[in-house]
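The task is simple: from the sequences and hints, build the whole structure.
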Amino acid sequence: MSEMSDDDFLSGGSEEDFNDESMDSDFEEEDGTQYLDDKDDRPQKKAYEVDYSVLSEEQIEKAQSDMIDEVHIILDLTPENAAMLLRHFKWNKERLIEQYMDSSQRVLEYAGIDLSGSNKLEVKKVPGFMCDICCEDDDDLETIALRCNHRYCTNCYQQYLFYKIREEGEAIMIQCLNHKCKVLVDPSTIERLCTPEILHRYHELLNRTYVQDKQNLRWCPAPNCENVIDCGVTPNQLQEIVPTVMCSCGHHFCFGCGSNDHQPCPCGLVRKWLKKCEDDSETANWISANTKECPKCQSTIEKNGGCNHMTCRKCKHEFCWVCMGPWNEHGTSWYNCNRYEEKSGVDARDIQAKSRASLERYLHYYNRYANHEQSGKLDKDLYIKTEKKMTMLQSASGMSWIEVQYLDAASKVLQQCRQTLKWTYAFAFYLQRNHLTTIFEDNQKDLEMAVEGLSELFEKPTDQLANIKVEMMDKTAYVSNRRVILLDTTAKGLQDGTWEFTVEF
Amino acid sequence: MFATKRLQKELHNIQKPLPPGISIASTPDFSNWKMDIQVLDNNPLYADKIYRLNFKFSQAYPIEAPEVTFIKEDGRDIPMHPHIYSNGVICLDLLGSNWSPVQNVESVCMSIQSMLTSNTKNERPPGDDAFVRSGYRSPRNINFVYDDNTV
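These protein sequences, in sequence, are chains A and B.
Under the working numbering, think of the first position of the first sequence as 1, with each following residue one higher.
Under the working numbering, think of the first position of the second sequence as 506, with each following residue one higher.
Don't read these hints as lab results, they were simulated from the structure.
Source: prediction; values computed, not measured.
Cβ atoms here follow ideal geometry from the backbone N, Cα and C, with glycine treated the same way.
A couple of the hints might just be wrong.
As the list claims (entries may be wrong) - Short, incomplete list of chain B residues facing chain A, as computed with Cβ under 7 Å: (1) 510; (2) 514; (3) 552; (4) 561; (5) 567; (6) 568; (7) 605; (8) 606; (9) 607.
As the list claims (entries may be wrong) - Over the 12 Å line for every Cβ pair with chain A, so calculated as not near, a few chain B residues: (10) 520; (11) 529; (12) 533; (13) 546; (14) 560; (15) 569; (16) 588; (17) 631.
Here's what the structure looks like:
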């Protein structure tokens with residue numbers, strides 16, 4: 001994930017799979033209540049905030065070695081074997097200990113580990129030996145065999161490990177070179193044979209699998225950021241909470257799906273919405289709302305003017321655009337279809353009206369969503385613009401750098417609110433019409449108006465900016481407060497399950 | 506250099522008599538060899554036919570598996586088989602996830618030979634048309650699902 005390209009990151013697209021089999025599903029409810037009640041230390045915590053911590057790479061490594069230490073003492077194993085077992089059990093300590101107590105032999109065999117001590121690696125020179133891989137047979141050839149006694153030369157082993165780690169990105173399942181031999185190459189052998197550069201990669205891969213295996217961990221998706229977020233929200237809770245976190249690198253993102261901050265819209269709705277916007281179902285919708293098919297040859301026809309007497313270009317069939325019946329049944333009442341009550345005509349009109357209404361509804365939300373998205377994309381420009389404005393204001397008004405910080409604050413709040421507003425439209429699109437929805441839309445409107453007001457102030461020419469400093473700071477605080485209210489009520493509704501949606505997610 | 510030494514040795518070894526039904530077509534250099542194989546019993550699908558295998562070796566051979574495909578050349582055809590696409594790509598775990606550096610050209614030929622011998626179905630893999638049209642030439646880019654152990 002840390003290798004995500006810049007583009008991916010900005011577009012916020014994510015194909016994360018939420019349906020990972022949850023290993024400790026038994027504990028979920030406990031986790032959930034714990035996390036909801038656990039706000040004593042932070043009395044100000046809002047309903048939309050979640051508890052999380054940002055971990056550095058060192059902390060991740062430490063967490064692993066702590067768990068290894070614990071297991072190797074409990075199970076009386078070497079730390080190395082304990083580590084291999086833990087990795088094999090995807091760091092599920094409880095399950096490992098339970099199964100190991102049950103049948104240590106089976107667990108060891110299953111994980112490809114041998115305890116007899118014969119896996120102590122020996123580099124040997126064997127006279128008359130020929131390496132099956134490179135076909136070298138010099139007498140002073142250095143050779144290695146794991147406990148399975150499949151012996152190859154050191155050089156081939158190094159090449160093999162290089163290939164596995166470098167090219168295949170494999171770290172925990174590197175097996176003996178022999179065909180179908182399941183014995184694992186143990187970490188100490190890898191440490192011994194690989195160059196520092198490869199070892200660095202090896203440790204990176206080990207950390208990566210650790211983070212992937214642990215459900216409460218996720219890499220920060222920002223480019224070049226190597227931090228990990230630790231958060232207790234499980235995939236099953238994503239219907240009730242939008243776990244938005246902020247990495248110490250400054251990136252806001254959703255812990256549930258890894259995409260950019262999409263509060264207040266839950267991950268499931270985000271996926272549905274993005275899919276809807278991406279696929280051409282709406283093109284199809286437009287076609288059905290704005291065109292009809294020739295009743296005879298089914299060619300698609302868009303009427304862009306003229307009278308109701310249609311002649312199909314393709315099959316020359318003549319029909320009435322209003323009732324879709326053949327034109328010759330219209331008798332002499334040209335240009336005025338009086339066959340309105342005909343059933344087939346009514347049905348056709350109903351369907352068309354419905355799909356037109358649904359298209360209009362979608363476009364209403366989409367246009368507003370797209371508008372805020374567009375503003376969000378200008379993020380980078382805005383930052384530069386703000387900085388320039390601040391410098392200009394400084395020289396024009398004689399204010400200090402610190403004194404012009406209110407512009408930066410306003411710009412940040414604007415960005416944040418646009419991001420939130422954007423997703424309120426996706427959220428609202430899926431809401432049933434009821435009084436809660438009306439309240440939501442009122443809140444949305446308040447925020448929208450406050451944002452526009454602030455935005456207007458922000459765009460004022462530099463010479464006026466100094467005079468409106470207080471007004472701007474007030475507005476900034478107000479806007480930011482409106483956002484908090486909107487998010488808080490939405491999040492509470494999600495937790496209590498009071499929202500009614502038009503779809504399942 | 507790594508691959509070359511090993512291939513020199515393999516080349517030396519296959520100058521000695523090869524298992525019946527397997528012969529060298531050409532070994533111009535150490536990156537590309539061609540081998541001919543034929544099925545020895547009287548399986549009606551392959552009787553009296555000779556097929557040509559194209560081996561491509563990378564510098565990482567034998568750590569990395571060679572690319573092995575059937576090719577149409579000198580009147581040779583692509584054999585009918587539910588795991589062989591009509592463009593010659595072979596779906597065989599040995600050449601992908603189950604490759605081991607201990608395998609060699611001879612053992613690969615033998616595996617493919619036995620894959621043909623035991624087959625009775627006169628058919629191509631499902632989705633052959635779409636696969637061939639998609640233009641994949643290198644089996645390395647394909648993630649086969651080796652789900653069928655019956656043939």
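Less than 7 Å between beta-carbons is the criterion; does residue 606 of chain B satisfy it with respect to chain A? holds (5 Å)
Using 7 Å as the Cβ threshold, decide whether residue 607 of chain B counts as touching chain A. OK, holds: residue 607 of chain B within 7 Å of chain A, min 5 Å.
Looking at residue 529 of chain B again, its CB stays over 12 Å from all of chain A? holds (18 Å)
Under 7 Å is the threshold here; is the Cβ of residue 514 of chain B close enough to any Cβ of chain A for the hint to stand? OK, holds: residue 514 of chain B within 7 Å of chain A, min 3 Å.
So is residue 588 of chain B really clear of chain A, every C-beta pair being over 12 Å apart? holds (19 Å)
Given residue 552 of chain B as an interface hint, is its Cβ closer than 7 Å to any Cβ of chain A? This hint is violated: residue 552 of chain B lies away from chain A, its Cβ roughly 31 Å from the closest one there, beyond 7 Å.
Checking a non-interface call: every C-beta of chain A should be farther than 12 Å from the C-beta of residue 520 of chain B. Is that right? holds (14 Å)
Is the interface hint for residue 561 of chain B satisfied, with its Cβ closer than 7 Å to some Cβ of chain A? Violated, about 17 Å.
Say whether it holds or is violated: residue 546 of chain B keeps its Cβ farther than 12 Å from all Cβ of chain A. Label holds. Min Cβ-Cβ 26 Å, cutoff 12 Å.
Is residue 560 of chain B truly not at the interface, in the sense that its beta carbon sits beyond 12 Å from all beta carbons of chain A? The claim stands: residue 560 of chain B keeps its Cβ more than 12 Å from every Cβ of chain A (closest is about 17 Å).
Just to be careful: measuring from the Cβ of residue 605 of chain B to every Cβ in chain A, is the smallest value less than 7 Å? Given a least distance of 4 Å, the restraint on residue 605 of chain B holds.
Against chain A, is residue 510 of chain B within 7 Å by beta-carbon distance? Nearest chain A Cβ about 6 Å off; hint holds.
When each numbered hint is compared with the structure, violations occur for hints 3, 4 and 15.
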